[in-house]
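*Asks:* The primary structure of each chain is shown beneath.
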Amino acid sequence: MPTPTHHHRTILGIHSNIAGDGHDLTAGHAWISVTRAGTTTFYGLWPDKHPRTVNNGNKTDIRKNLEAGAAGIANRYYLLSPSQSRRLEAEIKKNIEWRYTNTCASWASEVVLEVLKIDIDADDYLGVETPRELGSSILALEKKNPTSRSSPAPIKVKTQSSSSTGS
Amino acid sequence: MSNDQYTLNDVTVESAARKGNSVELAYRTTMESMFYSPGIRIEMDNDDMIVNIIRCSIDNECDVDKKATLKEGVSHVIVDAPKGGIYLGKDKSRKVDIN
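Chains as they are written, first to last, in our numbering: chain L, 922 to 1088; chain W, 296 to 394.
If we strip away everything but chain L, and leave its shape as in the complex, we get:
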């Protein structure tokens, strides 16, 4: 598969601002970033009742650019193929509701799974998906194969028989 040129490439980032058991289950935040042709936009799942958000009722809880300027302590980046980019755009347009069982970490992990078929684990105790667990999973992947926005993980097209655990 040809690699998109720098001008046209899309990079998906997944981020958490905490990692590890030193934080409580409900602490922190996780989000994604999308760099399209050099411009980065941030997306995160936030509850309507959070003071940082505008309560938009039944509309999506995917909020844009609240994380602009925020630093993740765990960050991972993937270069997307055109078909993966299309899947990502569809994911971002969905109407997703924040719930205690569908948190910022659940959503960020789910987007990567849907787009790349890569499972970056966010499952914590009691089946809750948390930024701290997602952060630990990202750091474990980064330790093996470091990435950055300027040097993302390359495009991998999964064959039907290949597995789909974190890479």
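The hints are simulated quantities; they were obtained by calculation from the structure and are not laboratory data. On a predicted model such as this, the values are computed, not experimentally measured, just so you know. The reader is advised that the hints may include incorrect statements.
[Stated by the list, open to error] Once the Cα atoms are required to be at most 16 angstroms apart in a straight line, the calculated EDC-like pairs of lysine to aspartate or glutamate come out as:
1) K970/L with E356/W
2) K361/W with D375/W
3) K361/W with D392/W
4) K985/L with E367/W
5) K970/L with D354/W
6) K980/L with E1012/L
[Claimed, not checked] Pairwise CB distance ranges (calculated):
7) N1016/L with D358/W: 34 to 42 angstroms
8) G379/W with T961/L: 39 to 47 angstroms
9) K362/W with S1069/L: 36 to 44 angstroms
10) S1072/L with N304/W: 22 to 30 angstroms
The beta-carbon is built from N, C-alpha and C at its ideal position, and this holds for glycine as well.
With the hints as your guide, set chain W onto chain L.
*Replies:* Just chain W now, kept in the frame of chain L:
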């Protein structure tokens, strides 16, 4: 992060601007989708002011001495200017520079 206060590692003071007898503090806390900072609690140590940045669950309302106004991710509070300095942390471990 503790349950009711942000630790110094989780707080960035963006500015502390004197306006007459007041000081406007602008601060950021670590982003959390289940918590927020509704404002600050104040303790006085002689002439010095110790500011505690309060961390509150989105399901609760928490008591504060000065309520924060959130503007583009930055919390703003206005306090009476102390005769001494303004500090963060129980042990006054970080002094706030007032401009």
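*Asks:* Indicate, hint by hint, whether the structure satisfies it.
*Replies:* Now for the hints, and whether the structure bears them out:
1. K970/L with E356/W: holds, 12 angstroms
2. K361/W with D375/W: holds, 10 angstroms
3. K361/W with D392/W: violated, 19 angstroms
4. K985/L with E367/W: holds, 13 angstroms
5. K970/L with D354/W: holds, 8 angstroms
6. K980/L with E1012/L: holds, 15 angstroms
7. N1016/L with D358/W: 34 to 42 angstroms: Between N1016/L and D358/W, where Cβ atoms are some 36 angstroms apart, the hint holds.
8. G379/W with T961/L: 39 to 47 angstroms: About 43 angstroms separates the Cβ atoms of G379/W and T961/L, which means 39 to 47 angstroms holds.
9. K362/W with S1069/L: 36 to 44 angstroms: holds, 40 angstroms
10. S1072/L with N304/W: 22 to 30 angstroms: holds, 28 angstroms
Checked against the numbered hints given earlier, this structure breaks only hint 3.
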